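Trainee: Below are the chains, spelled out letter by letter.
Protein chains: 2
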Amino acid sequence: MASSSDAEPPAAPTTTLRASSMGRLTDVDPRDTPGFDGYKSDGKALLKERGELLAALQERLYAHGRSGDRRSILLVLQGMDTSGKGGIVRHVVGMVDPQGVSHATFGKPTEDELAHDFLWRIRAKLPTPGQIGVFDRSHYEDVLAVRVHDLVPEQEWQKRYDVINEFERELAAEGTTVIKAMLHISPDEQRERLTKRLNRPDKYWKYNPSDIDERAFWSAYQEAYQVVLDRTDNDDAPWYVIPADRKWFARLSITELLIEALEALDLEWPEPDFDVEHEKKRLAES
Amino acid sequence: MASSSDAEPPAAPTTTLRASSMGRLTDVDPRDTPGFDGYKSDGKALLKERGELLAALQERLYAHGRSGDRRSILLVLQGMDTSGKGGIVRHVVGMVDPQGVSHATFGKPTEDELAHDFLWRIRAKLPTPGQIGVFDRSHYEDVLAVRVHDLVPEQEWQKRYDVINEFERELAAEGTTVIKAMLHISPDEQRERLTKRLNRPDKYWKYNPSDIDERAFWSAYQEAYQVVLDRTDNDDAPWYVIPADRKWFARLSITELLIEALEALDLEWPEPDFDVEHEKKRLAES
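As they're listed, the protein sequences go chains A and B.
Positions 1 to 286 (full-length UniProt numbering) are the ones given, in order, by the first sequence.
Positions 1 to 286 (full-length UniProt numbering) are the ones given, in order, by the second sequence.
If you're looking for bench data, these hints aren't it; they were derived computationally from the structure.
Small disclaimer: the values here were computed from a predicted structure and weren't measured.
Please note that the accuracy of each hint is not assured.
Pairs count within a copy or across copies, as identical chains cannot be separated in the list.
[To be verified] Straight-line alpha carbon distances no greater than 25 Å define the calculated SDA-like cross-link-like pairs of lysine to any residue that follow:
#1 K48 / V148
#2 K125 / D97
#3 K280 / E192
#4 K281 / Y39
#5 K40 / E141
#6 K48 / R18
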């Protein structure tokens, strides 16, 4: 395929963007583009090109799922309001076949959900074999919003970090590659994005007055995120910190993380579980 | 937008392709392109163009769903093996934002599903407000495969047509636009498509020896489909017969049916339920 850009894809994102290599959140510049030295136009062109590879790899994962392979991928998206979680779903996940995707959004829990363990609604939406599951928010809200707003007693949420690690270890053991991405934006960038929503009638529906209430808790959220990164980043279910003030960089980075995860599964086309020549003969006679 | 094709989209597909206008299934040529006089290249170029309109309309439906509007769309795809249901999901549904799509495949029922009413698993997968739901096979298998293979006593499946009509009337009353599409292929085209699956190692996974067993029941299936069209095509939940030997025509037709359905909902951007100027002020101070 002819490249429409001379820039190389971000180098080794699983290393470069890994939470443990990124240092403290407060030291990460949300406008940075670690591992990538191209411009916005390069990034956009690359996204399209790499999207074709992503779609091709995803089809193999799906084929394996249909052939008895239990493996799957789970992409967990976290970030402040307007950090671009929805845009990742639309512009990155949207590049692959919808048949192989399961997408779930986790909002404020319903009464029914609150009556259960906090992982109950999460387990119900896990990807099936061969799928890429995408969580727009997740069980991490139960140690983020819940912690920031004291929604349950501290002794309860304090236990959840270990419970989450255990849960994700279980997922990994069952063949799910877990990719956790924190989309890191600056408060100024958020103000700009909210302003845009208030200036355009076709964006009003994305705006919620509570978004501004939440801005008052910015540093509490950053601290809560830092604790999440400190306590739940591990090799079974790594956290990545994605500088996200530049949407194109965040989208390209997630694409690369997905590509790396799929390539690591080393997916050849599944072997047939039938006799090809025999079937050709049956078909010709049918 | 500059048109990359001089051909017009298929004219009035909701009229032209409606089961009642198409006549008996046995008289429908699966290679026909009703309402469209362009070539394959025109059809493919149009699909891309019209996909942009589809995505724009879908975003409005999604915005309404987020703003309290209960309406949704349900696309039911039925057809023989290889008729192109998966291709519709990939190439048509794949053109819109995955956030607004819920996709479900209904295979052979599980024990748990069989222990319930046949609509139980269907109800569980209905689109939520603002979504486009896509069913790859559906409750119609319960009067198709079930009828052809005598999987339940006749007196039981005979009742299901009325039950289905009642169910779909209920969906329509609750604001779901139901679009039912039967992808109509010829046995020869099916043989070609199966041959391709047997000739290409990257397609083996799509092949199932039982596909050939099912070919022996071709006319029984056509008769069962004809009864479905005769008994369950109504204005609340119309059936469309899509000649599908030409994949590009089937994809373009479904795109047009979705566009017509969305345009009929007359979706302006939702009005804000907050005071825009007041929020701008709050934001500036935040």
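Trainee: Now tell me if each hint is right for this structure.
Mentor: Against the structure, the hints come out as follows:
1. K48 / V148: neither (38 Å within a copy, 46 Å between copies)
2. K125 / D97: Both, since 18 Å and 19 Å are each at most 25 Å.
3. K280 / E192: For K280 and E192, the Cα distance is within 25 Å only across copies (11 Å; inside one copy 61 Å).
4. K281 / Y39: neither (56 Å within a copy, 34 Å between copies)
5. K40 / E141: Close neither inside one copy (31 Å) nor across copies (49 Å); limit 25 Å.
6. K48 / R18: within (24 Å within a copy, 38 Å between copies)
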